[in-house]
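Number of protein chains: 4
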Amino acid sequence: MIKVGIIGGTGYTGVELLRLLVVHPGVELSLITSRSEAGRRVSELFPSLRGFVELEFSSPDDAALKACDLVFAATPNGVAMHYARGLLDAGVRFIDLAADFRIKDRITWEHWYGMEHSCPELLDQAVYGLPEMNRRQILDAQLIANPGCYPTAIQLGFLPVLVQDAVDPATLIADAKSGASGAGRGAAVANLFCEVGDSMKAYGVAGHRHQPEVCQGLDQVATEKVGLTFVPHLAPMIRGIHATLYSRVKPQGMGQDFQALFEKYYQGEPFVDVLPAGSHPETRSVRGSNTCRIAVHQPEGGDTLVVLSVIDNLVKGAAGQAVQNMNIMYGLDETTGLHLPPLLP
Amino acid sequence: MIKVGIIGGTGYTGVELLRLLVVHPGVELSLITSRSEAGRRVSELFPSLRGFVELEFSSPDDAALKACDLVFAATPNGVAMHYARGLLDAGVRFIDLAADFRIKDRITWEHWYGMEHSCPELLDQAVYGLPEMNRRQILDAQLIANPGCYPTAIQLGFLPVLVQDAVDPATLIADAKSGASGAGRGAAVANLFCEVGDSMKAYGVAGHRHQPEVCQGLDQVATEKVGLTFVPHLAPMIRGIHATLYSRVKPQGMGQDFQALFEKYYQGEPFVDVLPAGSHPETRSVRGSNTCRIAVHQPEGGDTLVVLSVIDNLVKGAAGQAVQNMNIMYGLDETTGLHLPPLLP
Amino acid sequence: MIKVGIIGGTGYTGVELLRLLVVHPGVELSLITSRSEAGRRVSELFPSLRGFVELEFSSPDDAALKACDLVFAATPNGVAMHYARGLLDAGVRFIDLAADFRIKDRITWEHWYGMEHSCPELLDQAVYGLPEMNRRQILDAQLIANPGCYPTAIQLGFLPVLVQDAVDPATLIADAKSGASGAGRGAAVANLFCEVGDSMKAYGVAGHRHQPEVCQGLDQVATEKVGLTFVPHLAPMIRGIHATLYSRVKPQGMGQDFQALFEKYYQGEPFVDVLPAGSHPETRSVRGSNTCRIAVHQPEGGDTLVVLSVIDNLVKGAAGQAVQNMNIMYGLDETTGLHLPPLLP
Amino acid sequence: MIKVGIIGGTGYTGVELLRLLVVHPGVELSLITSRSEAGRRVSELFPSLRGFVELEFSSPDDAALKACDLVFAATPNGVAMHYARGLLDAGVRFIDLAADFRIKDRITWEHWYGMEHSCPELLDQAVYGLPEMNRRQILDAQLIANPGCYPTAIQLGFLPVLVQDAVDPATLIADAKSGASGAGRGAAVANLFCEVGDSMKAYGVAGHRHQPEVCQGLDQVATEKVGLTFVPHLAPMIRGIHATLYSRVKPQGMGQDFQALFEKYYQGEPFVDVLPAGSHPETRSVRGSNTCRIAVHQPEGGDTLVVLSVIDNLVKGAAGQAVQNMNIMYGLDETTGLHLPPLLP
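Sequence order for the protein chains is A, B, C and D. Quick note on the working numbering: the first sequence kicks off at 1 and runs consecutively. Quick note on the working numbering: the second sequence kicks off at 1001 and runs consecutively. Quick note on the working numbering: the third sequence kicks off at 2001 and runs consecutively. Quick note on the working numbering: the fourth sequence kicks off at 3001 and runs consecutively.
The hints are simulated quantities; they were obtained by calculation from the structure and are not laboratory data. Computed from a prediction, not measured in an experiment: that's the story for all the values here. One or more of the hints may lead you astray.
Said to hold, decoys possible - Using 35 Å as the maximum straight-line C-alpha spacing, the simulated DSBU-like pairs for lysine-lysine come out as follows: (1) 1250(B) <-> 2003(C); (2) 3225(D) <-> 3003(D); (3) 3003(D) <-> 225(A); (4) 2225(C) <-> 1225(B); (5) 3104(D) <-> 225(A); (6) 2250(C) <-> 1104(B); (7) 3003(D) <-> 3104(D); (8) 1250(B) <-> 2066(C); (9) 3066(D) <-> 104(A); (10) 3250(D) <-> 250(A).
Said to hold, decoys possible - Restraint-style ranges between C-beta atoms, simulated for each label pair: (11) 188(A) <-> 3104(D): 20 to 28 Å; (12) 1277(B) <-> 2035(C): 23 to 31 Å; (13) 3(A) <-> 1121(B): 53 to 61 Å; (14) 36(A) <-> 1115(B): 56 to 64 Å; (15) 62(A) <-> 1220(B): 34 to 42 Å; (16) 1056(B) <-> 3163(D): 49 to 57 Å; (17) 2035(C) <-> 190(A): 42 to 50 Å.
A virtual CB, placed ideally from N, CA and C, is assigned to each residue, including glycine.
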């Protein structure tokens, strides 16, 4: 049994991580911290977990955390970096579900996250936890930077064609739609039911933190520098990301069977499902599950490739991917605790 | 392994039953029938089940059904009754998720369901599959009438106080709010997104089929004839029933500790959760799970008792309860395959 | 032209009041105050009003307010009472959309609102602005207490039968469902899209401020002391209240034609619409409009009367009713500026 | 007063047209036809219109229609073309809210709409009713092809930059998200609340009827042949289209002030609102109104231009634009009956 601790379990990512871990056969949940809720039973804050978890939230305590095998941080950005050095030195493996270790370049990170990084020397050591890209490094990782939700959906959709050099990396467009849980559980007028409901809007068109994260990942496989226009949108739904990805097919790519290319690329991947030709994945088809479903279209056989990629932002885009990383790190079957049919309708 | 067949798996109850059965460790799913979708892969109609079920829908075939140990009917009302005799005679156990065997009195049934019953002689034999009431009879049942969604939420909320004779059975009120999945997956203008969304309405105030079903159940435990005013409402949500139950405390019931009464009554029940005093259960706290959560209030210590009872109409109100019944019938732990944390948010 | 000022226009009640006033032919909007948004254009905060209002929010300024003919307060509870004396002394008429003057009994008010009342001497003078009850007093009123949203829907549903002494006033039940805009535009976790969406819950079962307000109103017409059990619910919709009202028909009321009773009682009322027998009003049928739609049912001819009453909580339950009161106060046709078809779908 | 008839008023476009016309000061509503609902009161089908319209639906009757000044068709595609010749010959002006006269090229129309056109000789005569493009021709038109909802949002967003030759017309991308009312009021499983709710999906990626309509319009102003990739999405909301438009800035366009370009282009347009630089329009900011709000972004000053364009699909995308066309045709102020603040929240 892996002895697990969670730092910061009061947000949506935290409660989702709990949902997955409390029925994971290889995990013993040891502690879960929250400064604001210390002393309160987890199941009081989240009655959905009554009968599944008896723990109380505790104040962050170094000794208790260091007694764990593995610690997850489900905190706001900028918190995990203050725990990382201590935990790693104590031999505790660490998965950060926030963004502290996602960007390798410190200057870029500090620009987008608006703060100084407290342990930039760990940025190189951190493994970007997208198993479909970095499975081998994850196996031995001590420190995992769990990918962002948009970056997961977008990278999985672009990877196959960039690896094959079939599209122009310089003119990528990602038009992504996210459910409101992506904005977190913080009290903010913009996330009220009456602000989000029955409406759509784009946001962050001038620039969004997930853009450099995607570019960093895709640059590793692309033949040329990646140029990405990323426009996120807020949709009136709770969970789900629908990324609609546009790229220009290179002359040498015309005539290629993109359906076959995607199917071959993701063959054997337990959590990427390439749908039959002509499909349109719905976000609800992955609700509550760790699967990314992808469909590929080349409208009228032209030179614009359209890839549709959907995930549950809280699962494959956060907590589920973190558990997948844990499974890999501990040599478990990668699907352990994650073989859950989506909830539909 | 229980060899299971499903008649009629294209509705919401059917796909929910599939979601539960495909990960149930004691079940081998043998066939699933649909006249309209015969020959089509189940996972084509429900992409959420890709990777979980390889079956195609098949035309209803007597021989194949009779080769099963257990058959579930997830059909519209009036279909299961035509299969029951044949299956039972062949030694196949049968759980009807529709209403064909819920009402013991043939005349009442025919009045509310507007058709002749094809096998009224089975009505007596059928066991009403509410485990919290009839667990022992379910154990040996060949034919189970799986309760309706509203009746499940309402009966579980009224049972303890009627058994204790603490409230007046003649003046019960059940004001119930249901998500739209309760209306099924049939094409109907009234169930369109733009008709249901961002609105509330009552329906069937003049009379609803679930009223006699509830009265039949409660009459078994009440000291006097039950009188129930039942007003169902359609709420703009997908899953969930919230039953708000009003009753008049009898003089001998005044002063009683209703919180303790409920906690004691449901002690040990795996799927009824009595919340702490002062709670207000949310339907989402049981989304995707087989649990019924109940809270008890006596506003200002007066003689009106208010019980709040929530379930997921597709799980405890349909498919999950059917699986619970199956577990009991086959001597499995009652929670087998049903120990699933709700999906929240 | 009535020169109008608004105190506190940044909440949902405020923006709704603006929506109605900017196209009202008899109104000149003079100023709108907000401490937090002073100096910002109203249409910047609410882009829906671009082209309709050029004003900026201003800091509350006594002189400017006193230069108005009429001031509306769309503030949180406990603010309007600090303006009332000054405005009235300056000859300015005042409509409070919050609760400061709704309850005549100071002790009761202070109990439910948890603060000391700053001008209890005005409580008597304030007219409760439910035109269907107090039209004549409204005409000459200097100070209007605009009713709460729940109390509007509930009182309009109970009034006819209490006036006729047809039901028992001591055992009323109001099971009410409200959209989330009723909770206001404040930043609170409980009102987030992901907390409210796809779920239902009751709240305040132990006691809610609107209960004494309803009782105070109904006591004026009932033959005996009113006893009311009031259970409010939060529904996953933006606007709308659906009140489901239960009462026991008195022996002398049995046999009465309740449909005719309601139709007669509300004959000529511009904003109460009694639906044909057998109807089930939807909240969306009044979305954006000042109408209250009512249907009356007597299930199976029994002694429980069920009245369904729907309003838009922001219009008839708040801003629209305030405008209706203004129209009456200034001798305008009562429907001026309010003759708006609901938005459906 | 313009004597108006409506053919086919039972869909969402029809009821929206009614909402606008019943309060239009220049219109006398003469008849509204529906084969399926003939003899039923309009306000029985749509209780939101109680008190606003006393008409019954009538069977389509040539004489009655020919007695009108103006007839609107709010029918499915392929119906209006059978009325057009007769009405025009009788001197009745005709606005088709469906697609029968939108495409000038008969072959193209028949390809996309899958039927033979019954009066192709009228295609040339029909004026495409986008006032911002064709105001002068609308003035004298006898036959108006009211634009599609997507084409309205998309063309208004691309027009200014194509007219100025600032972007490459060959590589346009329109990623559009629509509320479910765009799919109409027909009974279809795909449009059920439980299918659409809490989910997003793309559809018609291989080809959509609105693509050639947009290209036809933009080709009139572009310097080169327009190439458009159009991906529509279904969003879990009732009303609203959010079009996110991508184009490549031409070398000569770099350095241009696109904000100023848009503001100048739409200066004086009553129903196009160019938002301040940096804005992100929400669909709810136009809910119930005839306004199109547009924002322009050039992320990081690169060569990808991003235009955000939102409309209410039932108003500016259908019924409101039809009324705007009527106003122009009859020399009324273009905003008559359309000066309505959006409903927010």
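To see whether the hints hold, each was checked on the structure:
no., hint, verdict
1, 1250(B) <-> 2003(C), "58 Å, violated"
2, 3225(D) <-> 3003(D), "42 Å, violated"
3, 3003(D) <-> 225(A), "63 Å, violated"
4, 2225(C) <-> 1225(B), "30 Å, holds"
5, 3104(D) <-> 225(A), "44 Å, violated"
6, 2250(C) <-> 1104(B), "34 Å, holds"
7, 3003(D) <-> 3104(D), "29 Å, holds"
8, 1250(B) <-> 2066(C), "58 Å, violated"
9, 3066(D) <-> 104(A), "73 Å, violated"
10, 3250(D) <-> 250(A), "20 Å, holds"
11, 188(A) <-> 3104(D): 20 to 28 Å, "49 Å, violated"
12, 1277(B) <-> 2035(C): 23 to 31 Å, "40 Å, violated"
13, 3(A) <-> 1121(B): 53 to 61 Å, "60 Å, holds"
14, 36(A) <-> 1115(B): 56 to 64 Å, "58 Å, holds"
15, 62(A) <-> 1220(B): 34 to 42 Å, "59 Å, violated"
16, 1056(B) <-> 3163(D): 49 to 57 Å, "55 Å, holds"
17, 2035(C) <-> 190(A): 42 to 50 Å, "20 Å, violated"
In this structure, the hints that do not hold are numbers 1, 2, 3, 5, 8, 9, 11, 12, 15, 17, in rising order.
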